[in-house]
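Respectively, the protein sequence lines represent chains C and R.
Quick note: the first sequence uses UniProt numbering, first residue 1, plus one each step.
Quick note: the second sequence uses UniProt numbering, first residue 1, plus one each step.
Treat the hints with care, since some could be wrong.
Copies of one chain are not kept apart here, so a pair can be met inside one copy or by any two copies together.
[As the list claims (entries may be wrong)] Calculated cross-link-like contacts (lysine-lysine; reagent style BS3-like; alpha-carbon spacing at most 30 Å): (1) 150 - 258; (2) 159 - 258; (3) 250 - 219; (4) 347 - 379; (5) 251 - 118; (6) 250 - 323; (7) 256 - 347; (8) 250 - 159; (9) 331 - 159; (10) 118 - 250; (11) 375 - 163; (12) 256 - 118; (13) 219 - 150; (14) 251 - 150; (15) 304 - 159; (16) 118 - 159.
Think of the hints as simulated: they come from the structure by calculation, not from any bench.
Take a look at the letters that make up each chain.
Protein chains: 2
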Amino acid sequence: MHGPMKGISVTLRFTPHLIAAVRTMSSTTVPPSPALLQPLNVPYRLLLGPGPSNVPPRIQAAGAQQVIGHMHPEMFQIMDDIKKGIQYAFQTQNPLTIAVSGSGHCAMETALFNVVEKGDVVLIGVKGIWGERAADIAERIGAEVHLLTKPPGEAFTLKDVEKGLSEHKPSLFFITHGESSSGVVQPLDGFGELCHRYNCLLLVDSVASLGGAPIFMDKQGIDILYSGSQKVLNAPPGTAPISFSEAASKKMFSRKTKPPSLYVDMSWLANYWGCDGKPRTYHHTGPITNFFTLREGLAILAEKELRLPTVTTVSVPVGYEWKDIITYLMKNHSIEITGGLGPSAGKVFRIGLMGYNSTQANVDRVLDALRDALKHCPKSKI
Amino acid sequence: MHGPMKGISVTLRFTPHLIAAVRTMSSTTVPPSPALLQPLNVPYRLLLGPGPSNVPPRIQAAGAQQVIGHMHPEMFQIMDDIKKGIQYAFQTQNPLTIAVSGSGHCAMETALFNVVEKGDVVLIGVKGIWGERAADIAERIGAEVHLLTKPPGEAFTLKDVEKGLSEHKPSLFFITHGESSSGVVQPLDGFGELCHRYNCLLLVDSVASLGGAPIFMDKQGIDILYSGSQKVLNAPPGTAPISFSEAASKKMFSRKTKPPSLYVDMSWLANYWGCDGKPRTYHHTGPITNFFTLREGLAILAEKELRLPTVTTVSVPVGYEWKDIITYLMKNHSIEITGGLGPSAGKVFRIGLMGYNSTQANVDRVLDALRDALKHCPKSKI
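Using the sequences and the hints given, assemble the complete structure.
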């Protein structure tokens with residue numbers, strides 16, 4: 001049996017040794033920093049700069065989810081959802097559509113590393129910082145880099161580009177869609193067709209523009225398009241959507257040398273993202289919670305666009321009869337709105353704001369009328 | 001004034017046009033995927049594989065924080081905290097200590113891309129998948145790669161490595177500390193000294209081992225050490241700690257060519273992480289919420305180690321007198337525990353479990369005794 005004295009004696013006997021041991025450790029090891037014992041300080045900021053933008057509560061909640069394995073079937077489902085979400089956001093049917101495990105800059109490298117080989121001729125449209133960066137990366141690859149420059153604030157014309165294409169005969173032309181450094185949106189119609197006529201691939205950076213300015217990858221003949229997660233998609237930074245056309249894939253997968261990077265080698269990433277029809281094998285551990293948040297950002301985009309901008313549906317407030325309110329509006333405010341139709345019958349109002357009627361004044365008018373109706377129409381106890 | 005008929009007629013007049021417009025759009029554009037209209041599905045899984053591991057609630061909460069700008073002072077403070085946390089976890093005083101914006105594989109590339117130039121001789125210890133990957137990357141750089149192989153399940157000896165160093169005269173030797181593919185921990189004592197005797201830098205992959213098996217970067221003479229966020233540090237994947245010794249920095253910053261990648265170019269990243277004494281400039285948008293979660297993972301590590309493993313402090317339960325409980329334990333269970341000391345006096349019990357007394361049975365015994373004391377000691381109304 002253990003007596004109390006024994007416990008005490010053990011403590012006393014060991015303590016000087018322990019103190020000595022800790023002293024010895026302190027002199028040769030690195031102690032933990034007091035800064036890390038302070039709580040995490042994240043002040044609230046309204047982010048109206050060129051990105052990142054604030055994250056909606058639904059995406060914050062996705063970022064707080066427990067992690068699952070990067071090779072679990074549910075993770076692959078989420079990655080498949082992301083692929084479809086990017087296809088929608090990019091307006092493309094390219095099977096080779098993924099999210100890179102890094103920032104928009106990492107996607108820029110992914111594009112150039114995979115499609116450009118040493119000695120390839122590359123034409124870079126420079127009208128701000130992004131073109132400069134693309135040129136820097138292409139030079140690191142050992143490409144023959146030619147610059148097509150415009151003063152910041154101006155956009156390239158088809159004529160500008162055709163001159164560059166005919167002069168240099170590049171295999172790739174890089175251009176920025178949303179030049180966030182100067183605030184210019186580059187028109188893209190006709191550039192794909194033009195490049196293809198010169199046997200050249202069109203690479204477009206849409207980090208700052210995607211979802212905010214219209215882009216149609218397939219229709220506009222863009223061969224490689226990438227963006228970031230932290231702008232219009234409203235997810236935290238850390239992932240970057242990218243898509244490759246058939247022509248880009250062909251150039252990429254028939255190259256003679258390996259790309260400079262294993263981390264963003266598209267032959268590995270295509271498999272990891274289930275794009276090559278083979279069973280997925282381990283490449284790297286994807287940023288799991290960033291995939292959750294990117295998926296939600298893309299889902300919000302999909303849902304938003306499913307809401308017809310011309311007809312707004314509003315749930316019938318609990319306790320009210322929908323017909324009473326519609327009748328009240330017509331009788332007292334001379335406004336027609338309608339009820340639901342088919343599966344939404346009895347559940348919603350449908351308020352149309354189209355063409356000539358689509359004005360701020362009419363929005364205010366119908367809202368005032370609805371407020372009035374809710375005051376005067378009979379309401380059952382809930 | 002608008003009459004009701006006007007609203008109706010507008011709606012009727014516009015509707016066929018709208019339907020036609022939507023039909024035209026459908027045939028040329030990509031619709032949103034129904035999969036994205038399903039809710040995000042993240043099942044709970046206990047992750048006892050080689051990583052990622054489950055994320056504690058505190059880190060989940062950090063992942064749900066609203067984002068702030070990547071160049072805000074509070075962000076730089078968090079990055080400074082991360083640097084100090086990594087210095088502690090790695091046991092290094094290297095100023096060039098940062099987290100890469102990518103997975104552990106991205107850190108592997110960061111190490112090799114920055115320290116190895118085309119034509120450099122590199123020796124890679126291969127005893128599983130990680131050595132193979134390192135060799136793949138070094139070959140992409142254009143290095144002269146030599147392999148030192150061991151069957152999976154075995155570790156390298158100093159003798160093995162010395163043979164390789166004297167035969168090939170490499171400028172870099174790569175070795176995996178925790179070989180998660182075979183379950184082997186590579187002993188590291190003496191390897192740094194040996195490499196330096198042969199004018200060779202020592203690069204160690206500790207993605208699967210950091211925090212679980214002891215590692216002392218400075219003491220063991222490791223020149224480049226990297227890990228991942230998702231193993232012992234318990235943060236979601238997406239960031240990777242890395243540190244460079246003075247000798248590694250010297251080789252890195254006196255290279256003749258630029259590293260293959262701009263994204264992980266350490267001359268840029270050193271500035272972004274405030275390691276070069278110059279004002280920080282924009283390089284890329286770091287994964288902001290991953291920095292929050294990594295910071296918390298490192299903070300937990302720092303706090304844990306500040307808790308002396310030999311003496312456990314327990315808060316005195318509200319409503320009890322600490323002295324009653326200590327007296328009760330001694331009188332009825334022959335167990336000594338003590339109260340607080342100095343600033344903790346009256347607030348905590350101190351329970352020592354050291355040397356001979358540090359057994360599972362004694363933990364159970366003191367817990368049973370405390371339960372008994374809480375039942376029988378006087379408790380004031382709270």
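Evaluated hints:
no.: 1; hint: 150 - 258; result: between (33 Å within a copy, 27 Å between copies)
no.: 2; hint: 159 - 258; result: neither (35 Å within a copy, 34 Å between copies)
no.: 3; hint: 250 - 219; result: within (19 Å within a copy, 50 Å between copies)
no.: 4; hint: 347 - 379; result: within (16 Å within a copy, 57 Å between copies)
no.: 5; hint: 251 - 118; result: both (13 Å within a copy, 25 Å between copies)
no.: 6; hint: 250 - 323; result: neither (60 Å within a copy, 79 Å between copies)
no.: 7; hint: 256 - 347; result: neither (61 Å within a copy, 70 Å between copies)
no.: 8; hint: 250 - 159; result: within (28 Å within a copy, 48 Å between copies)
no.: 9; hint: 331 - 159; result: neither (60 Å within a copy, 96 Å between copies)
no.: 10; hint: 118 - 250; result: both (17 Å within a copy, 28 Å between copies)
no.: 11; hint: 375 - 163; result: neither (67 Å within a copy, 89 Å between copies)
no.: 12; hint: 256 - 118; result: both (10 Å within a copy, 18 Å between copies)
no.: 13; hint: 219 - 150; result: within (26 Å within a copy, 54 Å between copies)
no.: 14; hint: 251 - 150; result: within (29 Å within a copy, 38 Å between copies)
no.: 15; hint: 304 - 159; result: neither (37 Å within a copy, 64 Å between copies)
no.: 16; hint: 118 - 159; result: within (28 Å within a copy, 40 Å between copies)
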